[in-house]
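Trainee: Sequence:
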Amino acid sequence: MDYIIGMDIGTTSTKAVLYDLKGKVLAYSNNLYSLYRDSSGMAEEDPNEIFDAVIHGLQEILRKVDLEHGTLHGVSFSSANQSLIALDKDHEPLTRIITWADTRATKYAEQLKKDGTGSILYKRTGTPIHPMSPLCKLLWLKNEVGEVYKKATYYCGVKEYIFYRLFNVWQMDISVASCTGIFNIFNLDWDNKALELTGVEKKQLPKIVDGYQQTFRMNEDYAKVLGYPSDTPFIQGAFDGALSNLGVGAIGNGEVAVTIGTSGGVRVVTDHPVIDSKERVFCYALTKKLWVVGGPVNNGGVVFRWARDNLFDAEKSTAALLKKDFYDLLTDIAKKVPAGSDGLIFLPFLGGERAPIWDADARGTFFGLTQMHTRANMIRAVLEGIVYNLYTVLLALEEVVGKPKYIMATGGFSQSPLCRQILADIFETPITVPEDFESSCLGAAVIGMKSLGLIDDLNVVKNFIGKTNTYKPDSKNFESYRKLIPIYIRLSRQLKSEYKNIADFQKKKI
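Residue numbers for the sequence shown follow the UniProt record's numbering, so the first one is 1 and each next one is one higher.
What the hints contain is simulated information worked out from the structure, not anything from laboratory work.
One or more hints might be untrue.
To be verified - With a Cα cut of at most 27 Å, we get these calculated BS3-like pairs of lysine-lysine: (1) K403 - K462; (2) K207 - K123; (3) K142 - K500; (4) K483 - K278; (5) K150 - K207; (6) K472 - K403; (7) K89 - K207; (8) K15 - K224; (9) K472 - K336; (10) K193 - K289; (11) K483 - K496; (12) K107 - K123; (13) K123 - K403.
Note that this is a predicted model, so its numbers are computed, not measured.
Whenever a hint applies, use it, and build me the whole structure from the sequences.
Mentor: What follows is the structure, encoded as structure tokens:
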């Protein structure tokens, strides 16, 4: 038996999947960790907790590998992007991992937008200006956490920290680098203008390597703990969104991937960097020759979870008695409500928002609420609001790269038949969903196979996807959604000034 492992270091857990060389899943591991929100805007993780999750995941998977009668060809990595850790001269953390969801740099993002610097940098880096960006995080550290900034010798993200601890290598793949806001997507190097702004020097940042880069000779202590053969290559990989596209086979012209996990995104792959004149979508690398254009959203499945915990807590015991998944029970309730939720619209901005409005102060709203509406209307409106938001990202993407020919959906949210149907109806196009929804892990494994010479072309992934389900749009629902989507879009824009006012009020109260 020949094996390869795809590992995804995510926001709430690290997943590891063992595949054979035809993409068949042989084993799965998922190790959770905490997201710390100790103060307003904070969203941090403990780097040691994540490192332990990686170690445990690799140990769990290795138990399923028969090394006496087979070969483990490699371990390949995906990770969440736009995380930042400040390190001392010995590469020891001075901070926790400041994640993509952290919004404490909002003030500096707004300053860059107002003085025009942000627009200049976007055209060089492909990263829209937002507090999630390591560019803005560095400005925040520099101006508000000066004692850390002065002590910091190095900066990196979560994957680079893991690789340094395992191998003593100081490197970052081009894909993760391209998401930082300080990397020039045209000359493929750290951007001098962005570095000058932050006061960070190139020597403080990892060496940029290709995602196919192989690393060997793990630190002896960890090698003993894991029991991996010393010659097992670890492949650098890419960021999770890019690998999610690859993992569902959406890497051709007009092939769009919609991902809805904790957060979400809509992305398409091109063969060259693409910049949006309205600065709504990003342009990041998958490899040196393939670029991912799209928009990430903060508010995916996490919003459904919020509704579950805060609007339907009483149903938890009902689900347990019925031995039914809690989310399935809620979608059964939502099914009783017609498309459009009887005119109830939900703006899902519970965690600020990235694409397409790029406003960290954005807040959630139920609009159109009347006495006739029930919690059933509210839960359906929440599901529709999540998809409305993704649809607005698709509209922006269409202006930049053209209409999609094909849409694949993946992530935990898209495992619900109702959610899949809502996607198809609002997008007014068939939605294809692979049964294996760990697309980033599969994408990482395919990058690893290409690096190791086990495949010649990334498009081989289309043979690995396995069984899919396609949901066709229901024309009976078009009329409602066509009337409500423009209202949703106008609301999300017209409330911009009030987002800031209410956010300022909330910050004073916290």
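Trainee: Each hint should be assessed against the structure and marked as holding or not.
Mentor: Now for the hints, and whether the structure bears them out:
| no. | hint | verdict |
| --- | --- | --- |
| 1 | K403 - K462 | holds, 21 Å |
| 2 | K207 - K123 | holds, 23 Å |
| 3 | K142 - K500 | holds, 24 Å |
| 4 | K483 - K278 | holds, 25 Å |
| 5 | K150 - K207 | holds, 22 Å |
| 6 | K472 - K403 | holds, 18 Å |
| 7 | K89 - K207 | holds, 16 Å |
| 8 | K15 - K224 | holds, 22 Å |
| 9 | K472 - K336 | holds, 20 Å |
| 10 | K193 - K289 | holds, 24 Å |
| 11 | K483 - K496 | holds, 22 Å |
| 12 | K107 - K123 | holds, 21 Å |
| 13 | K123 - K403 | holds, 23 Å |
Violated hints for the displayed structure: none, as all numbered hints are satisfied.
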